[in-house]
Amino acid sequence: MGKMKLPGKELGDNVQSQVIGSEVMTRNDYDIIRKKGYGEYQLTFLERANGISREEVLKGMAEAARIRELELAAMRRRGQIPLYGDLGGLVPFDAFSLARSIEKYYKDMFQIVDQLEELLPVVADFFVAAAEKTVAATGINRVFVGGSRSAGQFVAKKYFDRLIWPSFKAFIGNLTAKGIVPILHFDCDWTKNLEYFLELPRGKFVLALDGSTDIFKAKEILHGHCALHGDVPAAYFTVASPSELDEYCKKLIQIAGKGGGFLLACGCCLPMNARRENVETFFQAVEKYGYY
Numbered sequence: 350m351g352k353m354k355l356p357g358k359e360l361g362d363n364v365q366s367q368v369i370g371s372e373v374m375t376r377n378d379y380d381i382i383r384k385k386g387y388g389e390y391q392l393t394f395l396e397r398a399n400g401i402s403r404e405e406v407l408k409g410m411a412e413a414a415r416i417r418e419l420e421l422a423a424m425r426r427r428g429q430i431p432l433y434g435d436l437g438g439l440v441p442f443d444a445f446s447l448a449r450s451i452e453k454y455y456k457d458m459f460q461i462v463d464q465l466e467e468l469l470p471v472v473a474d475f476f477v478a479a480a481e482k483t484v485a486a487t488g489i490n491r492v493f494v495g496g497s498r499s500a501g502q503f504v505a506k507k508y509f510d511r512l513i514w515p516s517f518k519a520f521i522g523n524l525t526a527k528g529i530v531p532i533l534h535f536d537c538d539w540t541k542n543l544e545y546f547l548e549l550p551r552g553k554f555v556l557a558l559d560g561s562t563d564i565f566k567a568k569e570i571l572h573g574h575c576a577l578h579g580d581v582p583a584a585y586f587t588v589a590s591p592s593e594l595d596e597y598c599k600k601l602i603q604i605a606g607k608g609g610g611f612l613l614a615c616g617c618c619l620p621m622n623a624r625r626e627n628v629e630t631f632f633q634a635v636e637k638y639g640y641y
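Take any residue in the sequence shown, count from 1 to its spot, add 349: that is its number in our numbering.
Be aware that a few hints might be false.
[Said to hold, decoys possible] 25 angstroms max Cα-Cα, derived DMTMM-like pairs, lysine to aspartate or glutamate: (1) LYS607 with GLU544; (2) LYS358 with GLU372; (3) LYS541 with GLU481; (4) LYS456 with GLU372; (5) LYS456 with GLU569; (6) LYS518 with GLU569; (7) LYS507 with ASP474; (8) LYS507 with ASP563; (9) LYS518 with ASP463; (10) LYS506 with GLU569; (11) LYS352 with ASP457; (12) LYS385 with ASP457; (13) LYS507 with GLU481; (14) LYS527 with ASP538; (15) LYS385 with GLU466; (16) LYS518 with GLU481; (17) LYS599 with GLU629; (18) LYS637 with ASP595; (19) LYS518 with ASP563; (20) LYS600 with ASP510; (21) LYS518 with ASP595; (22) LYS541 with GLU452; (23) LYS506 with ASP538; (24) LYS637 with GLU544; (25) LYS568 with GLU636; (26) LYS518 with ASP538; (27) LYS482 with GLU389; (28) LYS453 with GLU569; (29) LYS506 with GLU596; (30) LYS566 with ASP536; (31) LYS384 with GLU359; (32) LYS385 with ASP362; (33) LYS607 with ASP595.
None of these hints come from the bench; they were simulated from the model.
Input sequences plus hints: build the corresponding full structure.
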């Protein structure tokens with residue numbers, strides 16, 4: 350991930366944070382991962398991306414953990430059950446893509462494919478170890494796993510088969526073997542890749558979609574294999590009428606939710622400019638249509 354603009358600093362107080370896509374990671378950095386591991390490189394990356402010292406990076410990570418602990422405690426006091434304890438990693442392919450920039454990384458994919466194939470499992474193993482620490486710290490065995498740029502929308506099948514799926518499949522298999530449930534927060538269009546998910550452990554993961562993937566096709570292919578989560582698009586909360594949102598939620602519950610294994614949710618995240626009446630309609634839809 351590149352540098353960020355933050356609310357209250359580079360942006361207004363009530364503006365959503367923004368990621369600036371840039372080449373923070375260089376091609377030479379692959380050698381750091383090879384020699385010192387991905388954990389050491391993460392710290393180097395954060396120093397460089399933020400222009401701060403190693404000490405400041407570690408303090409920031411500790412502060413982020415403290416804030417997350419407070420958030421989880423507040424959710425529990427409200428009687429809410431957190432969907433996941435914290436970040437459990439990314440598709441390894443995406444971890445490099447976000448750090449390198451999409452333009453530079455796709456060149457790597459063509460020019461140094463052997464190096465990537467060697468190092469992607471290193472990233473996967475690091476994420477498994479990090480997820481174990483998250484679960485131990487929070488007591489929640491569900492973790493967020495992000496994916497976007499590795500979708501079939503962006504990557505041809507031959508590269509998906511070689512660079513994306515093997516390390517990701519091993520990553521998810523190792524998580525589930527340790528009793529950790531990955532919540533696959535997968536933005537962008539994964540419709541072409543849906544059958545691959547049948548190779549992941551049955552009943553051990555959740556596939557969370559953002560409105561780009563055909564969730565009804567996902568239901569058709571993956572019914573009984575994993576839970577689906579989603580996928581009311583942002584537009585339904587911001588510009589659609591409450592009745593239009595209600596109708597889409599009804600469709601989701603009755604089709605994607607048929608037979609169980611479905612969590613009604615917004616696609617990706619609830620937009621900051623969501624209309625109150627639409628949010629209320631969203632929750633009311635569960636009571637109206639969520640019983641069989």
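Hints and how they fare:
Between LYS607 and GLU544 the alpha-carbon distance is near 19 angstroms, which keeps this suggested pair within the 25 angstroms criterion. At most 25 angstroms may separate the alpha-carbon atoms for a hinted pair to count; LYS358 and GLU372 meet this at roughly 22 angstroms. With a C-alpha separation of about 31 angstroms, the suggested pair LYS541 and GLU481 falls outside the 25 angstroms cut-off, and the hint is violated. The suggested pairing of LYS456 with GLU372 holds, with an alpha-carbon distance near 12 angstroms, which does not exceed 25 angstroms.
Our distance criterion of 25 angstroms between C-alpha atoms is broken by LYS456 and GLU569, whose separation comes to about 36 angstroms. The suggested pairing of LYS518 with GLU569 holds, with an alpha-carbon distance near 21 angstroms, which does not exceed 25 angstroms. For the given pair, LYS507 sits about 23 angstroms from ASP474 by alpha-carbon distance, which is consistent with the 25 angstroms threshold. Between LYS507 and ASP563 the CA atoms are separated by roughly 22 angstroms; this keeps the pair inside 25 angstroms, and the hint holds.
For the hint pairing LYS518 with ASP463, the CA-to-CA distance comes to about 19 angstroms; that is within 25 angstroms, so the pair holds. In summary, the hint linking LYS506 to GLU569 is supported, as the alpha carbons are separated by about 21 angstroms, within the 25 angstroms threshold. As the CA atoms of LYS352 and ASP457 are separated by approximately 21 angstroms, the hinted pair is consistent with the 25 angstroms bound. With a C-alpha separation of about 20 angstroms, the suggested pair LYS385 and ASP457 falls inside the 25 angstroms cut-off, and the hint holds.
For the hint pairing LYS507 with GLU481, the CA-to-CA distance comes to about 32 angstroms; that exceeds 25 angstroms, so the pair is violated. Using a Cα cut-off of 25 angstroms, the hinted pair LYS527 and ASP538 is violated, with the two alpha carbons roughly 29 angstroms apart. The hinted pair formed by LYS385 and GLU466 meets the criterion: a straight-line CA distance of about 17 angstroms does not exceed 25 angstroms. Only pairs whose Cα atoms come within 25 angstroms are accepted, and LYS518 paired with GLU481 is accepted, the gap being roughly 17 angstroms.
A threshold of 25 angstroms between alpha carbons decides the hint, and for LYS599 with GLU629 the separation of about 14 angstroms falls inside it, so the pair holds. Annotation: proposed proximity of LYS637 to ASP595 holds, straight-line Cα distance about 9 angstroms (limit 25 angstroms). A C-alpha spacing of about 22 angstroms is found between LYS518 and ASP563, which places the hinted pair at or below 25 angstroms, so the restraint holds. For the proposed pair LYS600 and ASP510, the alpha carbon gap of about 33 angstroms is over 25 angstroms, so the pair is violated.
With a C-alpha separation of about 36 angstroms, the suggested pair LYS518 and ASP595 falls outside the 25 angstroms cut-off, and the hint is violated. For the suggested pair LYS541 and GLU452, the alpha carbons sit about 22 angstroms apart, so the restraint of at most 25 angstroms is met. Under the criterion of a C-alpha separation no larger than 25 angstroms, the hint pairing LYS506 with ASP538 is consistent with the structure, at around 14 angstroms. Between LYS637 and GLU544 the CA atoms are separated by roughly 32 angstroms; this puts the pair beyond 25 angstroms, and the hint is violated.
Distance restraint check for LYS568 and GLU636: the Cα-Cα separation of roughly 22 angstroms lies within the 25 angstroms cut-off, and the hinted pair is therefore satisfied. Taking the CA atoms of LYS518 and ASP538, the gap is about 19 angstroms. The hint holds against a cut of 25 angstroms. With a C-alpha separation of about 16 angstroms, the suggested pair LYS482 and GLU389 falls inside the 25 angstroms cut-off, and the hint holds. Proximity of LYS453 to GLU569 is assessed by CA-CA distance (about 36 angstroms); at most 25 angstroms being required, the pair is judged violated.
With a CA separation close to 35 angstroms, the supplied pair LYS506 and GLU596 exceeds the 25 angstroms bound. Taken as a hint, the LYS566 and ASP536 pair is honoured in the structure, with Cα atoms around 16 angstroms apart against an allowance of 25 angstroms. Distance check on the hinted pair: LYS384 and GLU359 sit about 36 angstroms apart at the alpha-carbon level, beyond 25 angstroms; violated. The hinted pair formed by LYS385 and ASP362 fails the criterion: a straight-line CA distance of about 39 angstroms is larger than 25 angstroms.
For the proposed pair LYS607 and ASP595, the alpha carbon gap of about 17 angstroms is at most 25 angstroms, so the pair holds.
Checked against the numbered hints above, the structure violates hints 3, 5, 13, 14, 20, 21, 24, 28, 29, 31 and 32; every other hint is satisfied.
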